[in-house]
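These are the residues of each chain, in order.
Number of protein chains: 2
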Amino acid sequence: MNENASKSTLQRLPFYLDVLKKRQANGEEFVSSSIIAKELNLNDVQVRKDLASASKLGGRPKVGYEIQELIDDIQSFIGCDRIDKAVLVGVGSLGKALLGYKGFLDYGLEIIEAFDSHSSIIGDEIKGILVSPMEDLAESIKENGVKIGIITVPASVAQEVADKLIEAGCKAIWNFAPTKINVPEDIIVQNENMASSLAVLSRHLNSKN
Amino acid sequence: MNENASKSTLQRLPFYLDVLKKRQANGEEFVSSSIIAKELNLNDVQVRKDLASASKLGGRPKVGYEIQELIDDIQSFIGCDRIDKAVLVGVGSLGKALLGYKGFLDYGLEIIEAFDSHSSIIGDEIKGILVSPMEDLAESIKENGVKIGIITVPASVAQEVADKLIEAGCKAIWNFAPTKINVPEDIIVQNENMASSLAVLSRHLNSKN
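As given, the protein sequences belong to chains U and G, one line each in that order.
Following numbering that gives the first Met the number 0, the numbering of the first sequence begins with 0 at its first residue and continues without gaps.
Following numbering that gives the first Met the number 0, the numbering of the second sequence begins with 0 at its first residue and continues without gaps.
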């Protein structure tokens, strides 16, 4: 096991879980690194290295990895077998969309409260999640031990919101605003750049026309 | 201009647009590459190279780039000044969330119809977008000239859906299913790996505890 698994290794781990769970659903008990590598278009050496970061299990020659144990090890390594509490700031259409998504719990994320600065929406419940005023943000984070802040405000106020989340105690920021935010070294930011993805798709179509 | 701008250049272009629009909103007319680089924590040379991919404008010494012209050039290069039609397949909670998001139009994406295999939801409208049966998918893509397919089905059926989208004429796939999909060379896939992002955040919190 390696406490310092690279970000790209971490990003691949959910895909290994996906392959392992599919194989298991088909009744298989063992899988080799070369089969996983082939399914994901990855290099065999890379797969073995990634798996060694997350699990002390070795793949046995001619048999491979024991699927259930490997699933348990990866989930425990990532921490997705444990629930992290999150708050979401910015209840516009994207914020509402994410509040309505029930799949995050499968990955260990629970959004416990949402915040917005517009009085018209404060006090509403979106899929059972209360929208509170920004003034209550810091207290909620501290009282509930919230570690993840989800940012779905416009780009122009994303930095300000990130600063507030971090000051109140969040250690991880999931940023959906299409802008760069700066954070202290011990804080992790994961950017979800839907604008960047759309730029890649749109340019591809544009250059074909 | 470079017809073969790299994917990472394309992914950065929306961030340049963000900086340019903020500066413009502040009443500025010109901006230097070094200011853009500083705001985005990028290298000055990288910024100038990226901008040269999208625009034939040069930054003038001591003055910089003319903001409005650079915005126009980048938008036209990406193609986000033009609307691309999309269909969404898989109207579960993530699919509904995306159908409810009104921000895609700003980036040139219009979802015109949704598809699902569950009869209980077929015929419903989600934020004005009709949910149709899978049998109608190919005809809708062909008739409406749809170029982008958005996949929000479970991982286990994502490949099958991608194959149908491509066979009907989609040239770009926006994949939100946490699995790898294989496509022909002339098709572009952009993966939105929320599971990967959550793995990075969760591991970071996990390793601190």
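Check each hint, because a few of them may be wrong.
The list makes no distinction among identical chains, and a pair is therefore deemed to hold if it is satisfied within one copy or across any two copies.
[As the list claims (entries may be wrong)] BS3-like cross-link-like pairs, simulated, lysine-lysine; straight-line CA separation at most 27 Å:
1. Lys37 / Lys141
2. Lys141 / Lys163
3. Lys21 / Lys163
4. Lys126 / Lys61
5. Lys126 / Lys141
6. Lys61 / Lys101
7. Lys20 / Lys163
8. Lys126 / Lys170
9. Lys84 / Lys37
10. Lys20 / Lys126
11. Lys48 / Lys126
12. Lys126 / Lys101
13. Lys37 / Lys6
14. Lys179 / Lys21
15. Lys179 / Lys20
16. Lys179 / Lys6
17. Lys61 / Lys48
18. Lys55 / Lys163
19. Lys141 / Lys21
20. Lys141 / Lys61
21. Lys55 / Lys126
22. Lys179 / Lys55
23. Lys6 / Lys126
24. Lys163 / Lys37
Since the hints were derived computationally from the structure, they do not count as laboratory data.
Evaluation of the provided hints:
For the identical chains of this complex, Lys37 and Lys141 are neighbours neither inside a copy (46 Å) nor across copies (33 Å), given an alpha-carbon limit of 27 Å. For the homomeric pair Lys141 and Lys163, the shortest alpha-carbon distance inside one copy (12 Å) is at most 27 Å, but the shortest distance between copies (48 Å) is not. Only between protomers do Lys21 and Lys163 lie at most 27 Å apart by alpha-carbon distance; the minimum there is 21 Å, versus 41 Å within a single protomer. For the identical chains of this complex, Lys126 and Lys61 are neighbours neither inside a copy (49 Å) nor across copies (53 Å), given an alpha-carbon limit of 27 Å.
Taking the shortest Cα distances, Lys126 and Lys141 sit within 27 Å of each other inside one copy (23 Å), while across copies they are farther apart (36 Å). Within a single copy, Lys61 and Lys101 get their C-alpha atoms no closer than 40 Å, and across copies no closer than 52 Å, so neither meets the 27 Å cut-off. In this assembly of identical chains, the alpha carbons of Lys20 and Lys163 lie at most 27 Å apart only when taken from different copies (24 Å versus 39 Å within one copy). In this assembly of identical chains, Lys126 and Lys170 lie within 27 Å of each other by CA distance solely inside one copy; the values are 26 Å within and 35 Å between copies.
With identical chains, the CA atoms of Lys84 and Lys37 are never at most 27 Å apart, being 36 Å at best within one copy and 33 Å at best between copies. In the homo-oligomer, the alpha carbons of Lys20 and Lys126 never lie at most 27 Å apart, since the shortest distance is 29 Å inside one protomer and 34 Å across protomers. For the homomeric pair Lys48 and Lys126, neither the shortest alpha-carbon distance inside one copy (41 Å) nor that between copies (45 Å) is at most 27 Å. With identical chains, the CA atoms of Lys126 and Lys101 are at most 27 Å apart both within one copy (9 Å) and between copies (18 Å).
For the identical chains of this complex, Lys37 and Lys6 are neighbours both inside a copy (22 Å) and across copies (24 Å), given an alpha-carbon limit of 27 Å. In the homo-oligomer, the alpha carbons of Lys179 and Lys21 lie at most 27 Å apart only across protomers (13 Å), although the nearest pairing inside one protomer, at 36 Å, exceeds that limit. Taking the shortest Cα distances, Lys179 and Lys20 sit within 27 Å of each other only across copies (14 Å), while inside one copy they are farther apart (35 Å). Taking CA atoms no more than 27 Å apart as the test, Lys179 paired with Lys6 passes in both settings, with 18 Å inside one copy and 18 Å between copies.
Within a single copy, Lys61 and Lys48 get their C-alpha atoms as close as 18 Å, which meets the 27 Å cut-off; across copies the closest is 49 Å, which misses it. For a Cα distance limit of 27 Å, the shortest separation of Lys55 from Lys163 qualifies neither inside one copy, at 39 Å, nor across copies, at 40 Å. Within a single copy, Lys141 and Lys21 get their C-alpha atoms no closer than 39 Å, and across copies no closer than 33 Å, so neither meets the 27 Å cut-off. In this assembly of identical chains, the alpha carbons of Lys141 and Lys61 never lie at most 27 Å apart, being 51 Å within a copy and 48 Å across copies at closest.
Taking identical chains as interchangeable, the C-alpha atoms of Lys55 and Lys126 are never at most 27 Å apart, the minima being 40 Å within one chain and 48 Å between chains. For the homomeric pair Lys179 and Lys55, the shortest alpha-carbon distance between copies (25 Å) is at most 27 Å, but the shortest distance inside one copy (37 Å) is not. For the identical chains of this complex, Lys6 and Lys126 are neighbours neither inside a copy (32 Å) nor across copies (37 Å), given an alpha-carbon limit of 27 Å. Taking the closest pair of Cα atoms, Lys163 and Lys37 come within 27 Å of each other only across two copies (23 Å); inside a single copy the shortest separation is 45 Å, beyond that limit.
Checked against the numbered hints listed earlier, the structure breaks hints 1, 4, 6, 9, 10, 11, 18, 19, 20, 21 and 23; every other hint is satisfied.
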